[in-house]
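Chain by chain, the residues:
There are 2 protein chains.
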Amino acid sequence: MNEIIRNIKTRRSVRKFSAKPVEDNILNEIITAGLYAPSAMNTQLWQITVIKNEDMLVRLQKAVAKALDRPDYHRFYNCPVFIIVTVPEDYRHGAVDTACVLQNMFLAAHSLGVGSVWINQLRDCYDNREVRELLTEAGIPENHICFGCAAIGYPDCELPSDRENKGVVKFF
Amino acid sequence: MNEIIRNIKTRRSVRKFSAKPVEDNILNEIITAGLYAPSAMNTQLWQITVIKNEDMLVRLQKAVAKALDRPDYHRFYNCPVFIIVTVPEDYRHGAVDTACVLQNMFLAAHSLGVGSVWINQLRDCYDNREVRELLTEAGIPENHICFGCAAIGYPDCELPSDRENKGVVKFF
Numbered sequence: 001m002n003e004i005i006r007n008i009k010t011r012r013s014v015r016k017f018s019a020k021p022v023e024d025n026i027l028n029e030i031i032t033a034g035l036y037a038p039s040a041m042n043t044q045l046w047q048i049t050v051i052k053n054e055d056m057l058v059r060l061q062k063a064v065a066k067a068l069d070r071p072d073y074h075r076f077y078n079c080p081v082f083i084i085v086t087v088p089e090d091y092r093h094g095a096v097d098t099a100c101v102l103q104n105m106f107l108a109a110h111s112l113g114v115g116s117v118w119i120n121q122l123r124d125c126y127d128n129r130e131v132r133e134l135l136t137e138a139g140i141p142e143n144h145i146c147f148g149c150a151a152i153g154y155p156d157c158e159l160p161s162d163r164e165n166k167g168v169v170k171f172f
Numbered sequence: 001m002n003e004i005i006r007n008i009k010t011r012r013s014v015r016k017f018s019a020k021p022v023e024d025n026i027l028n029e030i031i032t033a034g035l036y037a038p039s040a041m042n043t044q045l046w047q048i049t050v051i052k053n054e055d056m057l058v059r060l061q062k063a064v065a066k067a068l069d070r071p072d073y074h075r076f077y078n079c080p081v082f083i084i085v086t087v088p089e090d091y092r093h094g095a096v097d098t099a100c101v102l103q104n105m106f107l108a109a110h111s112l113g114v115g116s117v118w119i120n121q122l123r124d125c126y127d128n129r130e131v132r133e134l135l136t137e138a139g140i141p142e143n144h145i146c147f148g149c150a151a152i153g154y155p156d157c158e159l160p161s162d163r164e165n166k167g168v169v170k171f172f
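One line per chain: the protein sequences are A and B, in this order. The numbering used here puts the last residue of the first sequence at 172; the count rises by one with no breaks. The numbering used here puts the last residue of the second sequence at 172; the count rises by one with no breaks.
One or more hints might be untrue.
For chains that are exact copies, the list does not tell them apart, and a pair is met inside one copy or across any two.
As the list claims (entries may be wrong) - List time: in silico DSBU-like cross-link candidates among lysine-lysine, alpha-carbon distance up to 30 Å:
| no. | residue 1 | residue 2 |
| --- | --- | --- |
| 1 | 52 | 9 |
| 2 | 20 | 9 |
| 3 | 66 | 16 |
| 4 | 20 | 170 |
| 5 | 52 | 20 |
| 6 | 62 | 170 |
| 7 | 52 | 166 |
| 8 | 9 | 62 |
If you are wondering where the hints come from, they were derived from the structure by calculation, not from laboratory data.
Same shape as in the complex, but just chain A (with noise of 0.2 Å):
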């Protein structure tokens, strides 16, 4: 088993982070991962927004909590960084390059020790007004969706050694 598919098979959900920074030239690898997604036709329309900014988060999760009346909501697992991937909401591939982008993020998070979970909050308020005027303020464009973001941190918990994979496989 060479080191990819090493990475991949060991790649877990994390939920619980330390506080420590994730320093900027560790971010800028993932990210760039990020950037370097396949995307239908080569179009690459997506916008990867890298919050860091505490108020910023508090007042999103208290927004996306209320928006979807879960105020159990956490503070995306107090994640010291969380990125939102969004595209046009007038293109069609949009679910499916953003899964790309944020698959190729977890995976160089982890090569990097880096612990990532993906967060699925935003896909079903991101246009709450409150939700909304958060997302314009961070720099998102307003015909812009969200199928998917990233919490991103130094993990602060152990990952489990193995998993259950439960998809089925059939050869024809």
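Got chain A; can you put chain B on it based on the hints?
Okay, now just chain B, sitting in the frame of chain A:
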């Protein structure tokens, strides 16, 4: 730059394949990488259907070309291995989960010297009657739908050394 990030950055879509078969052990490593993809709530509802049977691939190409009224459509770039990822139609996160499975397989393939490209043709015709009959024959459940496929094989072309990244990055 570590090997994982180098692999992410140097992977390119391949649309010209040599006739050389992909060895079973190599193919199994690629498929297994797909099985390790993240999924919403760790549901892993995907099926990975691997088609090497030439007769099936020719019939599938003809049915797809007819369904989409695209007589010019190629036999999936004459790849030796065609992989169809499917998910239950009533599963909300099928598109993004499919993309993570495919991106894992693309990256694992590249690390093993195997080329790959995302094929979108089935997305618009998986429920066409003739196409669905072939999918059923290949073992794909009737309630599964398709957001993406992969053409896999050894490249019969040079990979471009770099590419222009057009995605936007913002920090807040």
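Each hint, compared with the structure:
no., hint, in the structure
1, 52 with 9, "both (29 Å within a copy, 25 Å between copies)"
2, 20 with 9, "both (25 Å within a copy, 27 Å between copies)"
3, 66 with 16, "within (23 Å within a copy, 51 Å between copies)"
4, 20 with 170, "between (44 Å within a copy, 22 Å between copies)"
5, 52 with 20, "within (12 Å within a copy, 48 Å between copies)"
6, 62 with 170, "between (45 Å within a copy, 22 Å between copies)"
7, 52 with 166, "between (35 Å within a copy, 23 Å between copies)"
8, 9 with 62, "neither (35 Å within a copy, 37 Å between copies)"
Violated hint: 8 only; the structure is consistent with all others.
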